[in-house]
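Letter by letter, the chains look like this.
Protein chains: 4
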Amino acid sequence: MAIVLGDNRYGKAEIRLLRVARHADRHEIRELTVGVSLSGDFDAVHLTGDNRAVLPTDSQKNTVYAFAADTPVGEIEDFALRLARHFVATAEAVHHATVHVDEHAWEHIDVGGAHHPHAFRRTGEERRQARAVAEDGRAWVAAGLDGLVVLKSAGSEFRGFARDRYTTLADTTDRILATTVTARWRFATLDVDWAASFGGARAALLQRFAGHHSLSLQQTLYEMGRAVLEARPEVAEVRLSLPNRHHIEVDVAAFGVAGRHEVFQIADRPYGLIEGTVRRQDAPAGPALDW
Amino acid sequence: MAIVLGDNRYGKAEIRLLRVARHADRHEIRELTVGVSLSGDFDAVHLTGDNRAVLPTDSQKNTVYAFAADTPVGEIEDFALRLARHFVATAEAVHHATVHVDEHAWEHIDVGGAHHPHAFRRTGEERRQARAVAEDGRAWVAAGLDGLVVLKSAGSEFRGFARDRYTTLADTTDRILATTVTARWRFATLDVDWAASFGGARAALLQRFAGHHSLSLQQTLYEMGRAVLEARPEVAEVRLSLPNRHHIEVDVAAFGVAGRHEVFQIADRPYGLIEGTVRRQDAPAGPALDW
Amino acid sequence: MAIVLGDNRYGKAEIRLLRVARHADRHEIRELTVGVSLSGDFDAVHLTGDNRAVLPTDSQKNTVYAFAADTPVGEIEDFALRLARHFVATAEAVHHATVHVDEHAWEHIDVGGAHHPHAFRRTGEERRQARAVAEDGRAWVAAGLDGLVVLKSAGSEFRGFARDRYTTLADTTDRILATTVTARWRFATLDVDWAASFGGARAALLQRFAGHHSLSLQQTLYEMGRAVLEARPEVAEVRLSLPNRHHIEVDVAAFGVAGRHEVFQIADRPYGLIEGTVRRQDAPAGPALDW
Amino acid sequence: MAIVLGDNRYGKAEIRLLRVARHADRHEIRELTVGVSLSGDFDAVHLTGDNRAVLPTDSQKNTVYAFAADTPVGEIEDFALRLARHFVATAEAVHHATVHVDEHAWEHIDVGGAHHPHAFRRTGEERRQARAVAEDGRAWVAAGLDGLVVLKSAGSEFRGFARDRYTTLADTTDRILATTVTARWRFATLDVDWAASFGGARAALLQRFAGHHSLSLQQTLYEMGRAVLEARPEVAEVRLSLPNRHHIEVDVAAFGVAGRHEVFQIADRPYGLIEGTVRRQDAPAGPALDW
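Protein chains in written order, with our numbering: chain A, 798 to 1088; chain B, 798 to 1088; chain C, 798 to 1088; chain D, 798 to 1088.
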């Protein structure tokens, strides 16, 4: 049976850049990590090493830097979209371009109660994320975040579950619920106020996580996804990946200490992994969110 | 528009275990990392927190340990398959189970020219991998590896590529080609000698990487995939993900040292990322290999 | 020549725990990572495997959990000190105990403008750190932080440096200065308001970094150390380890884009590493700060 | 009290390089990671930002590349020594130079039973290490390794240890003993066949770990250090850092599976950490080995 080339793509990953905007009274900085992935008519390069269609990944990197320099970066959704459209429009063999942009947040350092104009502190491990896909004159945008670590010390149960011969877990009506949120949502439209949309979606995730009484992490996932859809009409579908960061109560009574349900061992591995999507019933199709 | 639950799955990730086989004259050890992911009739847990269908991820972990204890583990493809079939067969709500098994290799320490019977050294960062998917009485198996770091110091060119206004890369007829191979391949059948198949596929990847004259990493990817298919008739499709670990020649002439194309800076980021599949033309469909 | 045992120590590393304080109106949580290291009369265990003097590292872990349960944790400097003194006081063979405590900060999630009583978000990668050393009835405490990522987009020069045949770097009067601060400082006394001291020292580090015009990262290091000593009389010595996170300006003019000193490549490796201590001239001696 | 500068040093860390030796019939490659750290008369740069004494870390990086290009690299102990002496000899302000060199091993890929001349596979996570210190016309060399993961499935006990109120651990006469060896040893002389010495020391560590019946990891540490000193007369002192990678037997009887002491959970954290030095009684002093 003949051997053939199947799906393929190529690009540059983890292009890291800092963009400084030098305003008269203050600077603003942006820390971005960009990834480009292209596909299209690339049979020849795979089959015979004919590179005429191949825009080097080095050129892709240069393009990202040039686009970052040429105009204000703006919201990362727009930046990703401009880049994705550029590759499809200008590289003849490219029929499909996906561009990922991750952003680390920074804030001005406070000195004497005021923002220092050009000194900054990175605010943490959480990243805002955007992805744009361009193909055949069409385009899709998704947004999201990762590295958002949250915990509830009350309002979380897990009981009444299925049992088999391997089940030893006890029902609990009061457990620690902790996870590192990875959330991605795709838009039904490109006519979006990206900053407001992101802020609203993130707030919806956090507030539903906090306010909701959890009977399982699956239910919490569904509620968090639903909260985004309720808050943001421009969002068509939300995908959440929630590792269950297990906290195991330490039996301090074994050491003669009165147990008060207050000390927990934080486990690394294994961990539960709950993944799911929540969407509007008739949401238009779009690229999958498991990026 | 109504909000509905979309695709979802849950399970336990990174269950780490050591299995010791205590033979009369020697021990053998296996270091496995197992992940379980289940889907099926789980609407109620998401929508209302009704957990009756939910086999806890803790029970899944226990199952993995029990299966590892109950019989010899055997090849990881078989171990993954037994586990995947178990979950579909015994958990009523589960219609689909995916089980991943990664294995780190260990070897007996040599003492006085002989293998010590119960002392071992881990051989490295490379991992053998297997994945089984069970669903509706059917099952699929895929195998693979990651962490295989390879390099060619000759026999690699990259020239004649497309150029645009952002292109500054020069043609080269002699570059360092280095990558960390992630390869996954799926089988057209379950009637396979897994160990022989894995060994043959791995050797094919390495030997084609070595023996092939590379005109691009894309071409090398295709050749490596093709080599597996040529060597192993039981394999239907191969997916390769090859980060291009860039090695940048240092201009030592700037320091008054005769340049001989011998010293290279090893770059971390950004890196090229070349991904693709090679398959038999009429290969039966199966679960995607981008796990 | 006879072979003898030299310096040695043992303990439990990376004991991770969450402590929940359940107040009537709200919870408070603490995420701590604790390490214990003991030394003393442990010749027999090394030389002959006589374990009678060895308090197991598992018991050390239990002790940490029990101490966390028994009373409020309080400031991490105090918690480390209580633990270190405990091991020296109760384990007969132990003459010296070092206890490290790292703390990740969490904050209440805001819901409707108010703090949710039992839902939390981890604030980032920065960690507050403490170390206590107990020995022969004496004790020392040091405090610090790591993971504090800061950047100045102006106010940083590097010029007039030594040149040799390998020097190609150009003078600059305007560069990006970025580092991840690791700072440790030791106290001349144990009679300290730990929380106020930490807050004051951290603010001094940040404000001096921001406000100071940098001629080199070495000078900035000295200034940051000096700022802590000026702000906090209870501090005897400060040690800083400052990796120079290089930001390399991208030559966007090569792509026909007007260069405005605004786009920088963020480099991973290699990086400069500047380390130094700043102390009061007649500071009493104490354990070294290079932990 | 006056504020003064204390100990300080600066340099370039994690300079990564590949060195290719192009022989007529085959290539050989070396993957090195080099770190440089200098100290001396650097008060002015810290106190006033006067950089005249400062050889930039960028120049240090260039020097490493130039030295790698100029002659064969040779054994990493020699390479580190040449570099350390260079900095002290040529940079006027530098009185002390420490150079670290780590090496990842590569091997030729086998094709058709023979070594391919220019295609290579990295052999794993273990690294050979060297450190040279030059100061005032004197020099010291140390060697070592890290990332060597070993395990004994028999021949390891831990019993008869001290017990306090927090002790719950049971005696065991048969446990899994596993560790990731970090070992460093310093030489009493510089007149050493570095390759033979390293090979002999590494073999001694492995064989003693394997052959020795362990009553504690402390005893194993001492035996491993002693083995190096017994095997290599040129070595004055050995320092070992041995994390105890805990393997916890799974109680499979709870699942109705006959327990046979064969399945173990591999724990990440916390872990025991055993550190110690073994030396010749009258070994000359030298730089500490806790690098």
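Warning: the hint list may mix true and false statements.
Stated by the list, open to error - Sample of chain B residues with no beta-carbon within 10 Å of chain C, all distances over it, derived:
#, residue
1, G803
2, A818
3, G837
4, D867
5, G957
6, F958
7, T965
8, D988
9, D1065
Said to hold, decoys possible - Incomplete in silico selection of chain A near chain B, CB under 7 Å:
#, residue
10, D838
11, D840
12, S1013
13, I1063
14, I1071
15, P1081
16, A1082
Everything labelled a hint here was simulated from the structure, so no lab data went into it. Quick reminder that beta carbons are idealized off the backbone N, C-alpha and C, glycines included.
Hint-by-hint comparison with the structure:
Listed as a non-interface residue, B:G803 keeps its Cβ farther than 10 Å from every Cβ of chain C; the least gap is roughly 26 Å. With a closest Cβ-Cβ approach of about 27 Å to chain C, B:A818 is found to remain outside the 10 Å limit, as its non-interface label requires. Every beta carbon of chain C lies more than 10 Å from that of B:G837, the smallest distance being close to 31 Å; the non-interface claim holds. Distance check for B:D867 against chain C: the nearest CB is about 29 Å away, which clears 10 Å, and the non-interface claim stands.
No Cβ of chain C approaches the Cβ of B:G957 within 10 Å, the least distance being about 21 Å, so the stated non-interface status holds. The non-interface label for B:F958 is consistent with chain C: the shortest C-beta to C-beta separation is roughly 17 Å, beyond 10 Å. At roughly 6 Å, the least C-beta separation between B:T965 and chain C is not larger than 10 Å, which violates its mark as non-interface. Annotated as non-interface, B:D988 keeps its C-beta farther than 10 Å from every C-beta of chain C; the closest such distance is 46 Å.
The Cβ of B:D1065 sits about 4 Å from the closest Cβ of chain C, inside the 10 Å cut-off, so the non-interface label is violated. A least Cβ separation of about 11 Å between A:D838 and chain B goes past the 7 Å threshold, and the interface hint is therefore violated. For A:D840, the interface hint is violated, since its Cβ never comes within 7 Å of a Cβ in chain B; the closest pair sits about 9 Å apart. Evaluation of the A:S1013 hint against chain B yields a held restraint, the C-beta minimum of about 5 Å falling below 7 Å.
For A:I1063, the suggested interface contact is broken, since its CB lies about 15 Å from the closest CB of chain B, more than 7 Å. Proximity of A:I1071 to chain B holds as hinted, the smallest CB-CB distance being about 5 Å (cut-off 7 Å). Interface hint at A:P1081: violated, since its Cβ lies 11 Å from the closest Cβ of chain B, which is beyond the 7 Å cut-off. Annotation: A:A1082 was flagged as interfacial toward chain B, and the flag is violated, the nearest CB pair being 11 Å apart, outside 7 Å.
The structure does not agree with the numbered hints 7, 9, 10, 11, 13, 15, 16 stated previously, though it agrees with the rest.
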